[in-house]
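Engineer: Chains as they are written, first to last, in the numbering used here: chain A, 1 to 222; chain B, 223 to 515.
No wet-lab data here; the hints were simulated from the structure. Positions of the beta carbon are idealized from the N, C-alpha and C atoms, including for glycine. Mixed in with the good hints, there may be bad ones.
Capping the alpha-carbon separation at 30 angstroms, the derived lysine-lysine pairs in DSSO-like fashion look like this [claimed, not checked]: (1) B/Lys379 x B/Lys267; (2) B/Lys300 x A/Lys131; (3) B/Lys297 x A/Lys131; (4) A/Lys41 x A/Lys186; (5) A/Lys141 x B/Lys379; (6) B/Lys466 x A/Lys131.
Listing some non-contacts, in silico: residues in chain B with all C-beta distances to chain A over 12 angstroms [as the list claims (entries may be wrong)]: (7) Leu232; (8) Ser256; (9) Asp259; (10) Gly310; (11) Ser329; (12) Glu355; (13) Ala386; (14) Ala468; (15) Thr472; (16) Glu473; (17) Tyr479; (18) Lys483; (19) Glu488; (20) Gly495.
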Amino acid sequence: MAFISVFEVIGPNMVGPSSSHTAGAASIARLAWRMMNPKIKRVHFTLYGSFARTYQGHGTDRALLGGMMGFETDDVRIRDSFEIAEKEGIEFSFTANTTETDVHPNTVDMEIEDVTGRKMTVRGESVGGGKVRLTRIDGVKVLFTGEYHSLIVVHKDHPGVIANVTTILSKCHVNIAYLRVYRENKGGIAYMIIESDEEITLETVEAIEKNPFVKDTMLIRR
Amino acid sequence: MDFNTAEELLEICEKENKPISEIMRLREIIYGESDADTVDAKMKKSLEIMRNSVHKPLTEVVRSIGGMIGGEANKLEKRRVEGKSICGSVLTKALIYSQAVLEVNASMGVIVAAPTAGSAGVLPAVLFALQDEFDLSDETLLKGLFTAGAVGSLLMKNASVSGAEAGCQAEIGSAAAMAAAAATEMMGGSPEQCLDAASITISNMLGLVCDPIAGLVEMPCQTRNASGASNALTSAEIVLAGIKAAVPFTEMTAAMYRVGKELPYELRETALGGCAATPTGCALKCKIFGGCN
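All chains should be built: construct the whole structure from the sequences, respecting the hints.
Structural biologist: The following block contains the structure:
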């Protein structure tokens, strides 16, 4: 049985009113934000299930937008995130999808574009008590919680890429806690999610990027 | 130092000759990959957020998003100050504080989920009511938080603290069980008595359904937090008098989880049953979200 920290019981410290619909929403968006350039240009949120039906009463929309500006769950700026985003020139919109039922009850899709022009669509789920996970990146099914130091490597599904990446990590003294690989189809785009105990440095990432089959990397900020 | 059951926890307490709070604290330092200073500082921060949330609505008006609650703590405080309260000073304080935290929570203020946001009023209400009336130190309250955390972790591991999964008994019931154990230790009870108080609390709140009006964390959540706080104090008083729990904590936890699983979907935070499904509950939902037919 996984270790439950006392701060998972007495916590999280959060802006109310709901650990799943407010704190969880902020955490999902912040996790996606940590994968992009800190300055977001535009974002569109599609809410499903209970998120879609009750988001206004729980401040889910404000929490999502706050997370997309890097606000943590106990940041009181969440309350004013609409006004802050407008001032920052961030374009944002929300759609409630109440017809799709084949999703976790608290699901959101985020179509994000940052100031560098990078675009990404990420699906997140709030699974209770403020705990969250990302389950899709650009349509590919993944599973990612952001609790560790993490690196996402987008690469072509090709023999030797994983061996190359893990060799570089080992040379850089990074101990891999979890390694998961997801792919669209054989020989297509694959996502390698590396979670480690140690911080992964930019130099390590640059070494990985030299592999010709590596298309992109995303170092997840803490 | 880690434990999966109440029996294992009690065994460690006896072997180490330490209260539950200290075992939980040491466990966090060892397995939480942290050091003593970080753990203590984090818990102090939680206590400060709790302290602010029990007092804030007494000095400033906070408005809930749904508009169903606000001002309740102040009404109770007014009555207390006028000397009219029928509940005695500890319980009256606990009622006031529990209402205050839910007001802060519903207005998008900062609270500590303990174990959830909807049940966040119970534990701080009990801690600060006892501090006020018995001049307890902050150190004693911090011990209470660790003890509450130990009980909560057992409930998370072996049952659930989610209203969506097992009803309000799992959410405010768990918060009350945690607060009962905290109060028992803070007032001089043994580790066994702490878990007995938790067990009695769960048995007293067994079967409580989760039925938020309009699906919002406002009503009946707010008054249920008052009920949770009073249940916690009741159980602590019972065990401190030397009365044993009829059913051990581990068995009571399993019973609570089983009852939770047997609750129909409508009574597990879906806002389709209980208070939410009454004509008044439905009318409030229409008023808040519109789209009535």
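Engineer: Taking 12 angstroms as the cut and beta carbons as the points, is B/Asp259 off the interface with chain A?
Structural biologist: holds, 15 angstroms
Engineer: Confirm or reject the statement that B/Ala386 sits farther than 12 angstroms, beta carbon to beta carbon, from all of chain A.
Structural biologist: violated, 7 angstroms
Engineer: For the pair supplied as a hint, B/Lys300 and A/Lys131, confirm whether the alpha-carbon distance does not exceed 30 angstroms.
Structural biologist: Answer violated: B/Lys300 to A/Lys131 is near 39 angstroms, above 30 angstroms.
Engineer: Just checking, B/Ala468 versus chain A, shortest CB gap more than 12 angstroms?
Structural biologist: Holds, since 26 angstroms exceeds 12 angstroms.
Engineer: B/Gly310: least C-beta distance to chain A exceeds 12 angstroms?
Structural biologist: Holds: least Cβ distance 27 angstroms, greater than 12 angstroms.
Engineer: May I ask you to check that B/Tyr479 keeps its beta-carbon over 12 angstroms from the closest beta-carbon of chain A?
Structural biologist: holds, 15 angstroms
Engineer: Check the non-interface label on B/Glu488: least C-beta distance to chain A beyond 12 angstroms or not.
Structural biologist: Nearest chain A Cβ is 14 angstroms from B/Glu488, so the label holds.
Engineer: Keeping to a limit of 30 angstroms between CA atoms, is the pair of A/Lys141 and B/Lys379 held or broken?
Structural biologist: holds, 28 angstroms
Engineer: Does B/Ser256 really sit off the interface, with its C-beta more than 12 angstroms from all C-beta atoms of chain A?
Structural biologist: violated, 9 angstroms
Engineer: Hinted pair, alpha-carbon criterion (30 angstroms max): A/Lys41, A/Lys186. Please report holds or violated.
Structural biologist: violated, 33 angstroms
Engineer: Is the nearest CB of chain A more than 12 angstroms from the CB of B/Thr472?
Structural biologist: Non-interface label on B/Thr472 holds, nearest chain A Cβ at 15 angstroms vs cutoff 12 angstroms.
Engineer: Is it correct that the beta-carbon of B/Glu355 has no partner in chain A closer than or equal to 12 angstroms?
Structural biologist: holds, 22 angstroms
Checked against the numbered hints above, the structure violates hints 2, 3, 4, 6, 8, 11, 13; every other hint is satisfied.
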